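Student: Listed in order, the protein sequences are those of chains A, B and C. No gaps in the numbering here: position 101 of the first sequence is 101 in the working numbering, and each next residue is one more. No gaps in the numbering here: position 105 of the second sequence is 418 in the working numbering, and each next residue is one more. No gaps in the numbering here: position 194 of the third sequence is 778 in the working numbering, and each next residue is one more.
Hints in this document: simulated from the structure, not taken from any laboratory. Worth double-checking, as some hints may not be accurate.
Where chain A lies over chain B, by a calculated footprint (3+ residues, C-beta under 8 Å) [unchecked claim]: (1) 359–372; (2) 394–408; (3) 415–427; (4) 499–506.
Far from chain C, some chain B residues (derived; all Cβ distances over 10 Å) [to be verified]: (5) F376; (6) N479; (7) S485; (8) A550.
Examples of chain A residues lying across from chain B (beta carbon under 7 Å, computed) [to be verified]: (9) M13; (10) S128; (11) I171.
As the structure is a computational prediction, the values presented were derived from the model and not from experiment. Heads up, the beta-carbon is just placed ideally off N, CA and C, and yes, glycines get one too.
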Amino acid sequence: MKTILKKAASFIMTVLLVTLFVFIAFDLIPGDAATNRLGINATPEALERLREEMGLTKPFFVRYFSWLASFFFGDMGISYSYGVSVRSMLASKLPITVTLTVMSFIMIVILSIPIGLYTSKYEDRAASKAVDILGQITMSIPPFFLGILITYVFGMIFKVFTPGGFVSYDINFGKFLGYLVFPSIAIALPKAAMSTKLLKSSILSERKLDYVRTAYSRGNSTMDVLYKHVLKNAIIPVITFLGMTLADIVAGSLVIEQVFSIPGYGRLLISSIANRDYPVVQAIIAIIAMIVIIINTLVDTTYKVLDPRLRGS
Amino acid sequence: MMRAFVFRFKKNPELYIGILITVFVIVLILAGILFSPYDPDEMDAGAKFAGVSSSHIMGCDNFGRDLFTRLTSGAATTLLVALGTIAIGVGVGTVIGAFTGYYGGAVDEVLMRFNDAVLAFPSILLALVFISIFGSGTWKVIISLGIVFVPSFARIVRSEFMRCKNLDYVRSARLMGAKDLRIMFVHILPNTLTVLMPSTVIGFNNAVLAEASMSFLGIGVQPPQSSLGRMLSDAQAFLFMSPAYAVCTGCTIALIVLGFSLLGDGLKKNA
Amino acid sequence: MIKRKIVTLAMCVTLIPAVALSACSGDKGDESSKIVVGIPQDLEDSLDPHEAVAAGTKEILFNVYEGLLKPDETGNLVPAVAKEYSVSDDGLVYSFVLRDGVKFHNGKEVTAEDVKYSIEKSAGMTGAESLIAPFSNIKEVNVISKDQIDIVLEESDIDFPAYIANLNASIIPKSNNKPSTNPIGTGPYMYVSRSPQENIILKKFDSYWGTPANIENVTLKVIPNADSIVMNLNGGAVDMFARLTVTQTKQLAKNFNILEGEMNLVQAVYLNHAVKPFDNVDVCRALSYAVDVDNVLEMTSDGKGFPVGSSMFPAFKKYYVDLSDSYPTDMEKAKELLAEAGYPDGFKFSITVPSNYQPHIEAAQVISQQLKQIGVTADIKLVEWNTWLSDVYAGRNYEATLIGVDAASLTATAMLDRFVSDAPNNFTNYNNSEYDELYKKVYTAKTDDERIEIYKELQKNLADNAANIYIQDMAEFVALSDKYDGYVFYPMYIQDLAKIRLKDQ
């Protein structure tokens, strides 16, 4: 009970911090919703009137707490750019972001864990070396360029999908899933390569430890040792990484969204920052923060389950 | 002599290939900076998209600028940005992670909440804030990217410290009366290197790529100064016309990252 | 072994749906005609015509909304919701006679009340901010009869009809209280739906009063990433895209027709005359001599584009005077002038460029390189659009900026009024008493010819004093799939979708 309360308290604290950061950031960067609305028709007087009308002239903390109060009751405000409620707008984009994230995360896990196990078990085989090199190269291509390359190869040469042919989930769910496959690959490949590498290196370092040698000397088979002992410990940094990766995909798939013309949270976030549409930015960041914190909490809990040494503390 | 080298190479090929690639890249950069007859920003209308020739060994870009010269000076910028970013990220991240992981408690709680907050904060918005405060330019890119990189290193180091602080060797050091700082940085830290090292290499890759993404969004290194990221995002516009531009730039990035990764792996193996 | 299978299986699982789905995506059983038009940014300011600011928004909303008058492709004003209009002898009262049977997209007929409501709303008389500054001149809007409306001005203004034809003065129904999310106009296309950052869907309006649109369904697809545009076009996801760069057009597949027009703007390095050394006319002239416009065009657009020498673009035929030869490239003269001005060793300044528009960034790089030859160091500073709006445009806190300035209305004053020293939109802080005096004469001129002569004098004043380093009216390229034709260029930012048709139509 106490731990749950503590978790909840830290959860709330982080969300408060993040949203406060965003408010401060919006105070610091030049331009606001009023300059955006008036564009090059702006005169100082008109700007001042519009700011008054939009409530932007109120003191910083008044604005922050009034936003916070409404957010607490589930009211995310109205988007300056679209004139519709932020909640309905984000709700309609949620399936896109969730599908893209889950799809790429599954790919990362499916690819990296078996490959990581294989390459660390058969460290000296040619196949392992090839995988290593391939992984290194994948990691060294910038994501937007990888996206462009995938579009070029699969979209233009093999014509497996139509670049820019995104179909919304409410129109045709099958086509929607189909379109997201290649963007997911573009997100997953470099992350899978990193996670493979991390898994391999942590298995190798774990294998050098005394208890593994003892296990071998007791006559346990290689497979047995690998699964029962090594993996359990070696997987811990990998889980940290995967947790961070998951959060990263939620927050960071925006470049891929740009390249593949997918209207998810990332693109909405970028355009809303550019338009100083802070109700949208606030809401998206608050949601991302919550997801990140939930994932981190899960990761912490997993540690304790996997690593009995941590339970005492 | 030769045999000894072959033996050592066989024992740790990563290290030597890594050194080879990195030295090769550095030599190229120096060659470009010291011996190229061209100014990296010098334009030539007659040489737009010029092909490979004896005067332009890699051809020219859309402004007729010598691609080799620009690639080498761009690589230098990119290396500077990536190393600076990693130095800030690893340095600050390790200190934060060490303290929070070792002591736990309220400090850990507060700092980790800050950490989470920064992790959840979109780096583009952060970069915009920094640029509006400091103005744009190479050093500002390094500082803002460095700050963005701190939390992930802090988390990794923290989880390692949490794992290590109750291990036998730490306990015995404590029993022998070692001070906390000594335990943290003399006893525990070296043991976290196996995890920190690959993360640093991954972080280095990420810094190179982040520089590219920032340039892609127009908030990175300012033109006409070249950086590999800026050049790659420029090259994309000519992908169908002059694929060599993109391929050369992409390969340079891949080569740098590959060299450093192998070097990192090799060093770890040697340790 | 098992592991390898898992990997293969994983790849199959992820690839199969893509292949299977794309195989059946060729269904083109739609009987009605349609077109997908790519747009570089979503209509993010507002769908309410009285609040639309971005050129990209206004050019699309042109298809949905109309004013009492509207511009045609030759740059003339033609009656739209109004059938005709007349002006009183003192120039203070404009009487508009409404056209019979003009319907809104909701099926209701346009009434004089709707017109009064729209003009008053657009003029900021009902609270909201007006986007047409000269509308502050409107004294009152009177409904005379069910088909006549009089607009009374404080002072006569010969350009008033041009403001009435501005999209920001469109006629909307009074009964609609949410014009920003439920746009209802009288144009040839009606709004159906939108999905933020994804698309906007328009449908042909069957009860349109004039020549109806040819194509039934229009999807405006948002493609913000410039590098994806070529692939989206070549891949077949998009049928049309306007304002492409030369580089993009060169990479398009054969099934696209490339139409070439003009952007109708003045691209220049705008100088802030309130900061040193741009308060010195010799410095401005020196820079103009040092910049080789032909080379800029050669470098950035294979020579396409129309060099200009003052703040007017060639499509304004009536007013335009060719001053592009005012400063032939001459480095020696430039150095001399700099030395006279007290900068024999050159100086250093920064050119602020909005980061969202590649052609401006490229031009800035070429110019920065050219200025090196006279010892002037021009650093390029990329800023986000909103930072530009707030720091450069509203705050006037900059040294020089490279952008394109277009005309908000079909009037010469829209290009020239911003250089009057006390104009609220004089972001270059241009301060020239001769110019101010000349500009006053615009309002006292008796005849059109006299006025045109003054406009030309004003342009010459800007050129003589090298108010800005003028570059060009940029070439515009539109890619249109060869299934369609009928695209027309306008002398201002307009995409007239109603005229586009399928070739076999």
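Student: Now tell me if each hint is right for this structure.
Tutor: Structure-based check of each hint:
no.	hint	verdict
1	359–372	violated (count 0)
2	394–408	violated (count 0)
3	415–427	holds (count 5)
4	499–506	violated (count 0)
5	F376	violated, 6 Å
6	N479	holds, 34 Å
7	S485	holds, 40 Å
8	A550	violated, 6 Å
9	M13	holds, 5 Å
10	S128	violated, 13 Å
11	I171	violated, 29 Å
Hint compliance for this structure: hints 1, 2, 4, 5, 8, 10 and 11 are broken, all remaining hints hold.
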